[in-house]
Amino acid sequence: MRSSAVVGLWGLAAIAAAGAAYAATASVNTQDFKQRERGRQLAVAGDCAGCHTLPGSGHDFAGGLSIETPFGNLLAANITPDAATGIGAWSDDEFVNALTKGTGRSGEHLYPAMPYTYYTKLSRDDALAIRAYLKTVPAVHNPVKSDQLPFPFNVRASLAGWDKLFFKPGAFKPVPNKSAEWNRGAYLVEGLGHCGACHTPKGTLGGDKRKQPLRGYALQGWFAPNITNDQRLGLGTWSADDIAEYLKTGHNRFSAASGPMGDVIAHSTSQMSDADLHAMATYLKDQPAQKEESAPAKVDDAAVKTGGRIYADECSGCHGRDGKGTPGLFPALASSPAVRQSDATSLMRVVIRGARSVGTDKAPTAPAMPSFGWILDDAQVADLLTYVRNSWGNASSPVSADDVGKARRALAKRRD
Amino acid sequence: MAQKLPKKDAVIIGLGWTGSILAHELCEVGLDVVAIERGPWRDTATSFPISYAQDELRYRIQHDLFLRPAQMSVTFRNKAGETALPVRNWGAFMLGNGVGGAGIHWNAETWRFLPSDFVLRTHLTQRYGEKFLPDDMTIQDWGITWDDIEPHYDKFEYLCGTSGTAGNLKGKIQDGGNPFEGPRSRPYPTPAQKQPFSHTLYAKAARELGYKPFPQPSGNLSEAYTNPLGVKMGKCTYCGFCEWFGCANYSKASPQTTILPALMRMKNFEVRTESEVTRINLDRSRTRATGVTFVDTSGQEWEQPADLVLLCAFQLFNVQLLLLSGIGKPYDPQSGEGHIGRNFTHQTMSGAIGFFDKDKYNFNPFVSSGAIGMCIDEFNGDNFDHGPLGFVGGGYLGQVQTNGRPIETTPVPPGTPNWGPKWKQAQRDNYLSAVTATSGVHGSMYSYKTNYLDLDPTYKDRFGRPLMRLTMDFHDNELKMSAYLTDKFSAIIKQMGAKQVVPHLRKGPYDVTAYQTSHLCGGAIMGSDPKSSAVNRYLQSWDVPNLFVQGATAFPQNHGYNPTGTVGALAFWSAAAIRSQYLKNPGPLVHA
Numbered sequence: 001m002r003s004s005a006v007v008g009l010w011g012l013a014a015i016a017a018a019g020a021a022y023a024a025t026a027s028v029n030t031q032d033f034k035q036r037e038r039g040r041q042l043a044v045a046g047d048c049a050g051c052h053t054l055p056g057s058g059h060d061f062a063g064g065l066s067i068e069t070p071f072g073n074l075l076a077a078n079i080t081p082d083a084a085t086g087i088g089a090w091s092d093d094e095f096v097n098a099l100t101k102g103t104g105r106s107g108e109h110l111y112p113a114m115p116y117t118y119y120t121k122l123s124r125d126d127a128l129a130i131r132a133y134l135k136t137v138p139a140v141h142n143p144v145k146s147d148q149l150p151f152p153f154n155v156r157a158s159l160a161g162w163d164k165l166f167f168k169p170g171a172f173k174p175v176p177n178k179s180a181e182w183n184r185g186a187y188l189v190e191g192l193g194h195c196g197a198c199h200t201p202k203g204t205l206g207g208d209k210r211k212q213p214l215r216g217y218a219l220q221g222w223f224a225p226n227i228t229n230d231q232r233l234g235l236g237t238w239s240a241d242d243i244a245e246y247l248k249t250g251h252n253r254f255s256a257a258s259g260p261m262g263d264v265i266a267h268s269t270s271q272m273s274d275a276d277l278h279a280m281a282t283y284l285k286d287q288p289a290q291k292e293e294s295a296p297a298k299v300d301d302a303a304v305k306t307g308g309r310i311y312a313d314e315c316s317g318c319h320g321r322d323g324k325g326t327p328g329l330f331p332a333l334a335s336s337p338a339v340r341q342s343d344a345t346s347l348m349r350v351v352i353r354g355a356r357s358v359g360t361d362k363a364p365t366a367p368a369m370p371s372f373g374w375i376l377d378d379a380q381v382a383d384l385l386t387y388v389r390n391s392w393g394n395a396s397s398p399v400s401a402d403d404v405g406k407a408r409r410a411l412a413k414r415r416d
Numbered sequence: 001m002a003q004k005l006p007k008k009d010a011v012i013i014g015l016g017w018t019g020s021i022l023a024h025e026l027c028e029v030g031l032d033v034v035a036i037e038r039g040p041w042r043d044t045a046t047s048f049p050i051s052y053a054q055d056e057l058r059y060r061i062q063h064d065l066f067l068r069p070a071q072m073s074v075t076f077r078n079k080a081g082e083t084a085l086p087v088r089n090w091g092a093f094m095l096g097n098g099v100g101g102a103g104i105h106w107n108a109e110t111w112r113f114l115p116s117d118f119v120l121r122t123h124l125t126q127r128y129g130e131k132f133l134p135d136d137m138t139i140q141d142w143g144i145t146w147d148d149i150e151p152h153y154d155k156f157e158y159l160c161g162t163s164g165t166a167g168n169l170k171g172k173i174q175d176g177g178n179p180f181e182g183p184r185s186r187p188y189p190t191p192a193q194k195q196p197f198s199h200t201l202y203a204k205a206a207r208e209l210g211y212k213p214f215p216q217p218s219g220n221l222s223e224a225y226t227n228p229l230g231v232k233m234g235k236c237t238y239c240g241f242c243e244w245f246g247c248a249n250y251s252k253a254s255p256q257t258t259i260l261p262a263l264m265r266m267k268n269f270e271v272r273t274e275s276e277v278t279r280i281n282l283d284r285s286r287t288r289a290t291g292v293t294f295v296d297t298s299g300q301e302w303e304q305p306a307d308l309v310l311l312c313a314f315q316l317f318n319v320q321l322l323l324l325s326g327i328g329k330p331y332d333p334q335s336g337e338g339h340i341g342r343n344f345t346h347q348t349m350s351g352a353i354g355f356f357d358k359d360k361y362n363f364n365p366f367v368s369s370g371a372i373g374m375c376i377d378e379f380n381g382d383n384f385d386h387g388p389l390g391f392v393g394g395g396y397l398g399q400v401q402t403n404g405r406p407i408e409t410t411p412v413p414p415g416t417p418n419w420g421p422k423w424k425q426a427q428r429d430n431y432l433s434a435v436t437a438t439s440g441v442h443g444s445m446y447s448y449k450t451n452y453l454d455l456d457p458t459y460k461d462r463f464g465r466p467l468m469r470l471t472m473d474f475h476d477n478e479l480k481m482s483a484y485l486t487d488k489f490s491a492i493i494k495q496m497g498a499k500q501v502v503p504h505l506r507k508g509p510y511d512v513t514a515y516q517t518s519h520l521c522g523g524a525i526m527g528s529d530p531k532s533s534a535v536n537r538y539l540q541s542w543d544v545p546n547l548f549v550q551g552a553t554a555f556p557q558n559h560g561y562n563p564t565g566t567v568g569a570l571a572f573w574s575a576a577a578i579r580s581q582y583l584k585n586p587g588p589l590v591h592a
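Chains A and B, in that order, are what the protein sequence lines are.
Under our numbering, residues 1 to 416 are what the first sequence spells out, in order.
Under our numbering, residues 1 to 592 are what the second sequence spells out, in order.
Errors might be hidden in some of the hints.
[As the list claims (entries may be wrong)] Over 10 Å on every C-beta distance to chain A, these chain B residues come out as not near it, computed from the model:
1. Asp43
2. Cys239
3. Tyr250
[As the list claims (entries may be wrong)] One side of the interface only, derived from the structure: several residues of chain A facing chain B at Cβ under 8 Å:
4. Phe33
5. Glu37
6. Ala84
7. Thr85
8. Thr326
9. Gly328
10. Met369
11. Phe372
12. Ile375
13. Ala379
14. Trp392
15. Ala410
The hints are simulated quantities; they were obtained by calculation from the structure and are not laboratory data.
No residue lacks a Cβ here, since even glycine has one placed at the ideal position from N, Cα and C.
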């Protein structure tokens, strides 16, 4: 279950920005099935439904889903062809501008919860294909007032300044000395897939730290892990096939997706073509490792000892005494980048609250981790995780009872 | 007034093993299917998570997973003429509740019946003559043969990932397996589970006595497995919390661990839980079902119309719904006529406890699984000559010690006080060094004129419907068989090196308060003659051809094995007939 979609963060500053007119070079023909079908596939790759379809509503793309941001919540817009409440009355250029420039129909700035900072890489052809597809979905009359933010974040003018600081408009330019597959992957990862919206660290104003792409970031009660090719923290130990399998099925021999990534896989990547997934994997495998600045802190032997006992009692039945788990069923904890992340938010969450992995057509099992928050107190969770983070080849900073207490209190407020 | 719901292609009553199998088989060919389930939704991580699944008090003693007698019970008597009284606390058998049904709380002993079991009456009368059978014994042939059902056993085993050692591969006897089993088309999908010490010792003793022991086929898996639906199972951790419990490790075959993850993704399937079907509706001709009526938790009554009705509840409740809906002719024990309620059977269980020298033997009985065990099949079915013995039937003899759970596992020698320091000392002395087979002697129970099901004239359920009345007693044939087998079993335990062997014989009358197994069978049996069976060989009602009645309800008698393997195989067999024959030409599949 999800109650909110996955978005990046942003800050606000009040500086004016200039818009640029877009030269129309192509247009939408609703009778062109090929264009429409390509648009559908692109909309899947961009996970448009992840935000714009309210789960359980039965109305695709009619908006209304609450999008969580650190500044308050927004409601996703209705992007069905309804003229009054959707985008039926928009011109193609207005649509392309919204997608690639972050401007609304009357030139107002969109909140970057709409990931135009990534979609800007889209070619105009692809943007129009998405438009062609969206023109063919059923029109739904559903008025949505997107802006639910408190003052001062509801002052849209401030977004112009934010754009100036953090938004680099411009379509994707292929890198000539890389393969076609690599470039396709880059286009998807940096553009439509907007992977960095979660996986790239943000500054205080919520803009991406461009020098640390895909290095991992905590949001919405989870830690979106490092997905560079780093051996210790990233995807270095995964082959391109492992990555593609994970994106297709939600599972591979190491890991299982849950939380927001589970949603992304269910709504987007599991429905993408194998070729595109492999292209994304190829690109990710070529992302330079991002070393940790400092070595892991010293770990208290007593904590590890206590944690080991808790692990043997509560965890080893599924994850194994050797931490190797069962491929496709119980994630491996040994030599696991997910376990080693500098930030233990996801680990604490999964232990305290439990988590259900995503089910897909290729891997329908969707096994779940039960909640242990009612059995283990803060110190026990801390010792357990300190043990797990420092066993079977892992070496990561310890988790304190304080950290667990904070995580527990934060989780108590979350509906998801 | 019942509110009418939109019509479906098929409605399934009960989402346990057979309901899940039928639902998946029919959704796969595009039917729009709804299952209506009396109990709650159940899921591994939320209903029996590893963090409290192994709670003996909650599940074993307090029956957390089971039907509450206040919700629905049965009445019981041994003989016609006695007044049946309602069962207020489950005893001889356990009745599951909720999605997954008995498939959640079983031990996962996944047997096939013998080829001769399916043609039992023909086989026994050919070998011993008609007069050899007791007068009131009503055993029948099933209307199917081994060759009919074998591919469907195979399908169920590969769905479940069953762990075992083949004994007869396409007619070639295999070392280490059961040499008496019917020829199988493939080996088991996963190798047999590893056996703990007492089981290994039992096998050694059995071999010394000239028997051919083999590992019991187990739905608790020896290794991780991905079934043909893409659903993954983990390997068993030998925690010994199987029967009465849900498996927290995804390693016991159940609808939850084998089908539901795939089924619930299908857009043409839905399940309505906590909704109890009160009757199957018929049209005016009373030869066609129009759907079912059910009641939700708020008491609202709903009508669910459907072209096809699949009765997939537990055996007792299948029979009850048939009787309450006026389908088929109720069985009359006086005249022997009628077919709904007849050939009601259970199991004839017995065993022996072996006490060993505590300084020499430490069996660690808690290292176990529900379907672990070494068995011999020399005394099952008609694998041995009954001529000189004066009875028919049999069972497997196994050191099938499924657990060492502390509340139940209290093996103390005869003469020990029932409480106090002496009991405690005896418990300390014997817990680790006694052999207490859970399924020691797993004896058959054949069918009789006098064992049957009908509607109780006095007691009603919460909707005012008559309860099912069970009339059941042991017959001399079963008690003789059980005594003979228990003797053979005790000899093996003795051969293991026990210093004392205490046989636990099954004695009459049938006791509804003492647990045997949950293997209730019959009541709407299959066969080739509508006069003596309720459903044809495809489990299709003779009277209402768009109704199929699944499960052990169809067994003409119960054999010397656990029934679930056969229940699963019959469900696939029936589904195949619906898919390949019925849907193309709806109507009776057998003309009699």
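Results for each hint:
| no. | hint | verdict |
| --- | --- | --- |
| 1 | Asp43 | 8 Å, violated |
| 2 | Cys239 | 7 Å, violated |
| 3 | Tyr250 | 6 Å, violated |
| 4 | Phe33 | 23 Å, violated |
| 5 | Glu37 | 21 Å, violated |
| 6 | Ala84 | 31 Å, violated |
| 7 | Thr85 | 28 Å, violated |
| 8 | Thr326 | 5 Å, holds |
| 9 | Gly328 | 5 Å, holds |
| 10 | Met369 | 7 Å, holds |
| 11 | Phe372 | 6 Å, holds |
| 12 | Ile375 | 6 Å, holds |
| 13 | Ala379 | 18 Å, violated |
| 14 | Trp392 | 19 Å, violated |
| 15 | Ala410 | 22 Å, violated |
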